[in-house]
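Undergrad: Spelled out, the chains give:
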Amino acid sequence: MLTSSRRQRIDDLAAGGGAPDAGVSLAVSAWRRLRRSPLFLVGAAIIGVFVVMALLAPWLAQHDPALRLLDDQVSRARNEIPPAQPGHPLGGDQQGRDLYSRMLLGSQQTLLVAVLATVIGLGGGLVLGTLAGAIGGWVDSVVMRLVDVMLSIPSLLLAVSVGALFARQTQFTVILAVAIVQIPIFARLLRGSMLAQRASDHVLAARALGVRRRAIVFRHMLPNSLGPVVVQSTLVLAIAIIDAAALSFLGLGAADDSVPEWGQMLGRAQDVIDSHPQLAFWPAGAIITVALGFTLVGESLRDALDPKNRR
Amino acid sequence: MLRYTVRRFGQLILVVAALSVLLFAWLRSLPGGPVSALLGERATPESRAQLQAVLGLDRPVHVQYFQFLGRAASGDFGVSTGVQPGDDALSIFLQRFPATLELSLLAIVLAVAAGIPLGYVAARRRGGWLDNAGVVSSLVGVAVPVFFLAFLLKYVFAVELGMLPTSGRQNAGIDATRVTGFFVLDGLLTREWDASWDALKHLMLPALALSSIPFAVVFRITRAAVLDVLDEDYVRTAYSKGLTDTVIRGRHVLRNAMLPVVTIIGLQTGALLSGAVLTEKVFAFQGVGEALAIGFERRDYPVLQVVIIAAAMVYVLVNLIVDLSYAVIDPRVRT
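So the sequence lines, in the order shown, correspond to chains A and B.
In our numbering, each residue's number is its place in the first sequence (first place is 1) plus 829.
In our numbering, each residue's number is its place in the second sequence (first place is 1) plus 303.
Don't take every hint at face value.
Residues from chain A shown here face chain B by an in silico Cβ test under 7 Å; the list is partial [claimed, not checked]:
hint : residue
1    : L870
2    : D977
3    : V978
4    : I982
5    : S984
6    : V989
7    : I1071
8    : A1113
9    : G1114
10   : L1121
Calculated directly from the structure, the hints in this document are not laboratory data.
Bear in mind that the values here come from a model prediction, so they are computed numbers and not experimental data.
Glycine included, every Cβ here is placed at the ideal spot set by N, Cα and C.
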């Protein structure tokens, strides 16, 4: 009884190939594997469409997302919102604004939330993780205790706590709340792989050659520790979008909704979900699709970068 | 082993101490505050000052912190100002904790019961339709916001089909005897089967929504771990010794593959607590998560303090237990 991967390896051996891409760098062999992975291709296609949509949204959207164009068709007493009609393919929202234009332009803010939150979380984590991993000693202890405390609060509670700190919630406070949660995760990840690097032969060799510590950290250790960080960043892009929606749902989303964002649209649709489910389904569908796209790319990157899969 | 345990407990105390300072400082810098929340728009400066004095909010922050610590040591965490105004904060937590525990346990049981067998079968038939379906559904499971899934389940099974209740922990009409605070268990203990059954029906949908992420994670880790183990030399050795498939599956593959799975189940506690805030709010399920959601809305400091510190302690403790059990399962860790 042989597992399929073992059988594959034996087949390779039989063909005289052994390791077909021996001598190729990890990045190149990872890319070779990615190109053939259907999960990666689907994910990349989703992200591609999403980014193009965000870039072209101002030209594709026919109406101002803040304008209450269909206000005369909104009836609070009869619980009515504008239905789909010519010029407004998805109808209007609770305030008579064109849903189609809001969905299109919402992609911009959603992309912004994902990217900014990831950049802030990654930046903070890079600084803390590099400090701890490169210097070690008491700096490592202090930083890691801080990280432990942050990690001991369940992530959403931490995000909600940060979000609640601000008197007035804006898109930026949401981004900050979502980003801070990711800092300890990145820091831990980076410290772990930096520590592994510190004990490795190439760092020892560099030290023996008298290379200065700064150069060892930034030229030798950091670049070699980035693999897991890149994977995590891709996954955080998805997590940020979902967490931002959860904050909105708990009443800590941006107060001003004239500039639409999918998470906020979904969070606000909760009160009317029984009577107008389409107001929740459109942004939810968009969020799920985009989050799936980032997750697919992240997971296939993880597989591709795993040296165990290198054959 | 003993030294390891002692050191881990030391860390736990350190984390909780640091957390209590951070939380205290943070809660006091929240905008609004309980005075505005209690008095509302019509507050006069005099009535505000009076209430601040009553709540002890007029004293310096560090004095308030030590007062808080002193009272906390004797089990007094203050009185709720928003979630259940007038009730003792600690008793609100204690009264709601069994509900969240019941919900989380059912969610993790669902996740494990589905995730481990599916993950195992997916790994054994790698590339088959079941494997592909499992991988895709675990990826989608992570991408769907938990509260939206909760809404969806509520809409389909409770509102449209009317199969299960939409909210709460038990129907008001049921006169159930309370013993432990775990409604399902209470019904079993007192032989009030209908009460137990009703509580279980109220748990089904929230638990299902809550289990989506743990399921995805448990499935993926099990699958990856089994794939790793199947490739190990000792499995090949076992086959060449002529052991039967059943023995190899149980003793060699599953047992070794379970190590990472046990760890990941422990790590899911945090995700469960986060998810509980969202699902409990959707289903108006009177647990700790709902108390937190309402507590944030109404700036209920005492309740938030108790709940967040307790949540963090539970989280750290569970991970400690997982690490210790890891040492029991895997002799290599015991150093």
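Undergrad: If a hint holds in the structure, say so; if it does not, say that too.
TA: How the hints compare with the structure:
1. L870: With a closest approach of 14 Å, the L870/A hint is violated.
2. D977: holds (6 Å)
3. V978: holds (5 Å)
4. I982: Where the cut-off is 7 Å and the nearest Cβ of chain B is about 5 Å from I982/A, the hint holds.
5. S984: holds (6 Å)
6. V989: holds (6 Å)
7. I1071: For I1071/A, the interface hint holds, since the closest Cβ of chain B sits about 5 Å away, which is under 7 Å.
8. A1113: A1113/A check passes; min Cβ-Cβ to chain B is 5 Å, inside 7 Å.
9. G1114: violated (10 Å)
10. L1121: Cβ of L1121/A sits 4 Å from chain B, so the hint holds.
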